[in-house]
Every structure is written in C-alpha cells, then in structure tokens.
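K.L.:
Work the whole structure out from these sequences, hints included.
Line order of the protein sequences matches chains R and S.
Letter 57 of the first sequence, counting from 1, is numbered 58 in my numbering, and no numbers are missing.
Letter 38 of the second sequence, counting from 1, is numbered 39 in my numbering, and no numbers are missing.
Hint data in this document are derived by calculation from the structure and do not stem from the laboratory.
One or more of the hints may lead you astray.
Which copy is meant is left open, so a pair is good if it fits within one copy or across any two.
Capping the alpha-carbon separation at 20 Å, the derived lysine to aspartate or glutamate pairs in EDC-like fashion look like this [as the list claims (entries may be wrong)]:
{"id": "1", "residue 1": "151", "residue 2": "123"}
{"id": "2", "residue 1": "151", "residue 2": "135"}
{"id": "3", "residue 1": "36", "residue 2": "24"}
{"id": "4", "residue 1": "19", "residue 2": "34"}
{"id": "5", "residue 1": "8", "residue 2": "84"}
2 protein chains.
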Amino acid sequence: MPGIGPKSAQRVAFWLLKVPDEDALRLARMIVEVKRQTRVCTVCFNVGVSEICTICADTRRDATVVCVVEDPRDVVAVERTREYRGRYHVLGGALNPLEGVGPEQLRIRELLYRLDNDGIREAILCTNPNLEGDTTAMYLARLLKPFGVKVTRIASGLPVGGDLEYADELTLGRALEGRREVDA
Amino acid sequence: MPGIGPKSAQRVAFWLLKVPDEDALRLARMIVEVKRQTRVCTVCFNVGVSEICTICADTRRDATVVCVVEDPRDVVAVERTREYRGRYHVLGGALNPLEGVGPEQLRIRELLYRLDNDGIREAILCTNPNLEGDTTAMYLARLLKPFGVKVTRIASGLPVGGDLEYADELTLGRALEGRREVDA
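P.N.:
Structure (structure tokens):
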C-alpha cells in the first residue's frame, strides 16, 4: 500500500488483531463493496459509481471543453479549484517509454473518438508539468491539431504566494517565457 | 543580520576573538570597501560598482524591454535563468500600505521617465506573485498602459517538475486560467 511501510503495516496488523470481530468484518466488507461498486466511466474513464460518471452526466457542465489528465486523482485536484466547468478525459498515465508506457497503453484512441464525435472545441492538456507529462502533452498536441480543436496547455510559472528568489531557474524561465499581456 | 540569531551571533563573536588580528582587520576593511564601492545604478537602480550597472551598460542587451522587479536580488534570480536579454528596473520594494510603502516610496516616477525617454516597447511586471507584488503589478499596469507600451505579467502556474496532486487550488486555478494555445 502506498505510504504504508513495514512499521505502519505491523501497527495496522496488530490493531486489526485487537479490534472487535465485527469492526474487522465491516472493514473487509467495505473493501469488497468499494471494489464491487466502483466503475470506470465509459466516456471519460474517471472513476465513479455508474456507467457514466457524475461529471459526464451533469448537463450543466460545458461539453465543448475537455480537460485531459493523467489520473482520476488529477480530476479531484482540478475540481478542487472550483474554476473549471468543462468535462474530463483520463488518459490512465503518461507516456514513459522506459517503463513500457506507449500511446497504446493510454486512452488516446478514445480521446480522438470523442473529438470526432462529441462536439469538443477545446482540449486543455492538463498532464503534470514534468518530463513524462510534458512529453505526453507535446505528443497529444501534434495528434490533436488536425482535428481542428483548440489545443491549450496549463501554465507553468511561479506558484501563487511564491517568491522570485526561491523559484528554481527553470520555473522562473518558464514564467518569463509564458508572460501574458495585462488587460488593465 | 538576516539569518543570524542570538546563538549564531555569539558563535561569530567568539570566532572573531579567536582569529588573528590581521584576519579580523581584513574582514573589517572588506566591509568598508564593499560599502564604499557599491553604487546604485542611476538608470535601473540595481546595485553595481559604477554609476551605470553592467547590465545597463551592456549594449548587446535589448534596451526596448524592461523587466520591473522589486529588489536587486530579483535581478540575480532572473539572470540565473539565462533566458532574459533585456534591461531591468528595480522598484525598491512593493506597495504595502500597512507598512507605509506607497507609490512615492518606490522608483515608479523614474520608471515612467524611462518609458517616456528610453524607447521602451515592453514592460514585464516581474514583482513577486504574492499579495503585495500582485497589487504593485496591477497598479503599474494601469499607470503604464497610457504610455503605449506593451505591459506583461510573468506567468503563475505549476512549477516545472511539479505534480497536479500537490499543487494548491489557487495555483492550479491560475495555471488553468493562464493556459496557452500550443503551437505544434
């Protein structure tokens, strides 16, 4: 389990031995339930409890914009901002040839299908701003352009509340490069 | 002294008592020298050793772009990126009414003078992306626009190598808001 090393594992194991039977049983049942009820959305591949996730099913959301992310966790992160009102597409990872993750391992074909059929006007490439995420974004940008959709990439730059002095050179370089005209 | 608390101060004091006289004397002389030789550039207000700093004196640098920063330390930060080839303007701080820093306390009049006389075409507002820096940038944007120069602000967004999951909501919100079209 992520975040649980040998010491934590032992602590959990002994805790399990100590709790009443019904509590352990309830936990076991909940694990089974979670696995049984969780579905992957057939449209965007986000996790949910039905064939189509709550975001794809929400007709008030803008269906012409799709935010392309690596993982369901990234959907949670973007939702937390409360700034985005469009749909998502979960790739299921990022290109990583060294680890054997090529375009076929990601839900790229399914994204192209959506672009062709769902009236999408803008694809926001919201993969992580690291090597794999940037590579994936570049790859997708080339692939998506011929579909006639607007392809955008989230901004790299200084975090809000940050300080120039503590920014690394690469980030400050990108912040300068990505500067935008101010409408005052 | 910044970064030197009572404990460090005591350590330095006892070290000074222990070192040979000539070493202590040399340190004292260097402090005097630094104070004596350091000048503030009469053009951009960066620190240097002559009336005009090395950046302002460098004719190979683009004199039509000015990067407006709070402190000389920020000049160092931007120079480290090796991406910027224009000039600077050091404000000497950021607007902070609570601490009594208004427009008169900053070198804003001097900036306007440069815009009027130095053939500047773009002003990059490179103040820190925090409350004071953002306020200063907004104030300057309104002030500078009538001069007919392009006014830009450095990008806020995810740091390079970062992860969506660990970004705070404000930063991720700005990264989304500041997304740019990809030229693929």
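K.L.:
For each hint, tell me whether it holds in the structure or not.
P.N.:
Hints and how they fare:
1. 151 / 123: within (5 Å within a copy, 28 Å between copies)
2. 151 / 135: Only inside one copy: residue 151 and residue 135 sit 18 Å apart there, 29 Å across copies, limit 20 Å.
3. 36 / 24: Within one copy only: 19 Å inside a chain, 71 Å across chains, cut-off 20 Å.
4. 19 / 34: neither (23 Å within a copy, 71 Å between copies)
5. 8 / 84: So residue 8 and residue 84 fail the 20 Å test inside a copy (40 Å) and across (47 Å) alike.
Checked against the numbered hints above, the structure violates hints 4 and 5; every other hint is satisfied.
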